[in-house]
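Protein chains in written order, with this note's numbering: chain A, 1 to 245; chain B, 246 to 593.
It should be emphasised that the hints constitute simulated quantities derived from the structure, not laboratory data.
Incorrect hints may have been included.
As the list claims (entries may be wrong) - Only part of the chain B face toward chain A is listed, based on derived beta-carbon distances under 7 Å:
(1) SER443
(2) ARG444
(3) GLY446
(4) GLU460
Unchecked claim - Below, simulated EDC-like cross-link-like pairs (lysine to aspartate or glutamate); rule was C-alpha separation at most 16 Å, straight line:
(5) A:LYS144 with B:ASP454
(6) A:LYS165 with A:GLU180
(7) A:LYS140 with A:GLU123
(8) A:LYS138 with A:GLU99
(9) A:LYS165 with A:GLU32
(10) A:LYS144 with B:GLU332
Small disclaimer: the values here were computed from a predicted structure and weren't measured.
Glycine residues also receive a C-beta, built at the ideal position from the N, C-alpha and C atoms.
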Amino acid sequence: MTAPLLKVDNVSKRFGGFVALDGINLEVAPGERLGLIGPNGSGKSTLVNCMSGTLHNETGSVHFDGHAMNGLAPHQRTHLGLARSFQLPRPFHSLSVAENIRVPLLYTVRLRRDVPHTREELEHRCHEVLGLVGLEHKAKKQPKDLTQVEMRKLELARAMAAEPKLLIADEAMAGLSESEVKDIVSLLITLNERGITIILIEHIMTAVMSFSQRLVVLVSGKKISDGDPQDVIRDPEVERAYLGQ
Amino acid sequence: MRTWQFFLVSLAIALVGFAAARLLKNDYLFFAGYVVLQFIVLATAWNILGGYCGYVNFGSAAFFAIGAYTTVVMTKLPAFANRHLPEGLAEIIGSITPPPIPILILLGGVVAGLVGLGTGYLTLRLRGVFFAIATLALAVVLQTLIVNWDFVGGSRGAYVIRPATVPVLGINYIEYLFLVMLVLVVVALTVARAIERSRLGYGFATIRDDELAAEASGVPTLKLKLVATTLSGAFMGMAGAPFPYYIGFLEPSSAFGLSYAVNAIAMPMIGGTTSWVGPLLGAVLLGTLQQLATVTISSAVSLLIVGLLLVFFVIIAPNGLLGLWHDYFGRKDEKPTQATDKAAVKTS
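Work out the full structure: start from the sequences and follow the hints.
Dropping the structure here:
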């Protein structure tokens with residue numbers, strides 16, 4: 001097996017007396033499509049926050065692409081190629097939709113090039129990324145003019161614009177209709193085919209099952225199952241966590 | 246328009262304005278105009294941190310005073326050197342201090358910028374109202390320091406004698422101060438405008454909107470905030486540096502006056518905080534009104550005017566004059582696009 005792109009080793013996180021993550025181990029191979037599920041409050045978002053640097057894990061370590069992530073600020077992790085979208089869309093309200101996409105181009109993609117983008121390049125790339133999520137016609141609008149669905153697409157597009165090696169999509173599909181969920185899943189699969197490793201955190205099981213090559217289940221801050229999606233959902237422990245005894 | 250073109254054009258406008266003002270042969274015009282110009286710089290400086298990054302600084306007066314007191318220190322140095330230092334050294338210090346006003350402005354800018362950087366480093370982990378309170382505390386701490394620092398006159402204040410000659414021939418000293426401040430206004434506006442249109446400006450805007458999302462997009466928020474506090478502090482210090490020469494006698498209560506802190510916030514708020522034009526508009530409007538009120542009614546009325554206008558704008562037009570403009574003319578601009586949207590729907 002090739003070296004993992006992301007290696008989460010014995011990561012724990014407490015909020016006061018509440019143990020949000022309890023010794024999580026997780027490896028993600030380059031090019032993999034991983035689904036991460038778990039009931040509400042099971043620690044999925046906390047894990048994402050520890051991986052992306054928004055929160056600091058108390059024990060354990062996160063390695064990404066050969067770099068130790070402990071102590072790195074979120075923007076440094078983004079520069080290394082780890083991008084995430086937020087569960088609740090957090091657009092830059094005072095910037096237009098196209099300008100929202102421009103920010104990761106200016107601050108992340110720029111670092112990987114020798115010369116700054118020309119204005120045409122920036123505009124072209126913004127439209128390309130917005131085209132992927134079908135927001136091209138809204139490029140000049142303000143985020144407040146977008147619908148909830150479009151806002152989620154913008155959130156995803158902004159993460160994609162950073163040209164990451166690993167994309168963590170945190171509940172990108174909550175509240176979307178069935179056809180929109182399908183659109184997003186096929187978009188994520190397209191991105192994956194272009195070589196981006198993707199971790200999908202999701203409650204919508206049809207999306208998770210059609211997307212994931214491997215499924216990880218978190219319950220109460222512990223990883224209880226990890227493996228082939230079909231096997232995982234038949235795991236009695238997973239059934240117990242979701243359906244009760 | 247490119248930055249250097251903007252700089253040259255606004256410098257030309259400023260110089261033409263200066264020449265025109267000289268034709269009126271009225272010193273009061275320069276005396277009052279200087280205050281308005283000083284407030285344009287102060288408001289623009291506040292807006293770099295407050296408007297672009299969304300961090301409200303209540304301590305503008307402290308940075309202004311740092312600039313002013315840097316000048317006071319420079320004017321006190323020759324006498325100090327004569328008394329306490331060996332003759333040769335004293336002579337050298339006496340010959341280079343106090344330096345000409347443009348150098349004093351640079352010095353004031355450097356000192357205030359460094360204090361801005363330090364303050365930023367200590368306080369920028371605080372957000373919203375906590376940051377604002379910390380800047381207020383900074384002003385109080387600095388004022389206490391100055392009040393107890395005998396070298397710069399302590400609470401008694403310090404006289405600063407204007408140099409007898411003006412390095413630029415043919416104009417008197419108040420005209421010279423006005424001219425220097427005019428150039429500083431052009432520089433400050435050029436810098437603010439350049440920031441707005443640059444990568445830095447996008448970074449600042451993301452900090453104002455959502456710091457977590459900014460970090461996730463790769464924006465080094467702490468570094469950018471330090472750039473903003475340093476720049477903002479530096480320009481406030483620069484605005485304050487010529488002040489002792491203007492006023493002739495500087496005491497802590499005038500350098501740390503409430504009017505600087507209030508005006509530095511009120512002017513961008515009233516003009517509009519999203520663009521360099523806002524602080525300019527706000528400062529010209531408020532500054533002129535205050536000067537008019539000072540000569541026609543009383544100097545005490547000027548703060549009342551600021552207060553009333555601020556209340557009015559916060560309630561009626563929270564985005565300032567620029568916001569009002571945008572609301573009125575922006576809507577007109579949008580109508581055709583809505584029409585084309587409908588046309589597109591019909592054809593499809």
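Could you tell me which of the numbered hints above are not met by this structure, giving the numbers in increasing order? Of the numbered hints given earlier, those the structure breaks are 1, 3, 6 and 10, listed in rising order.
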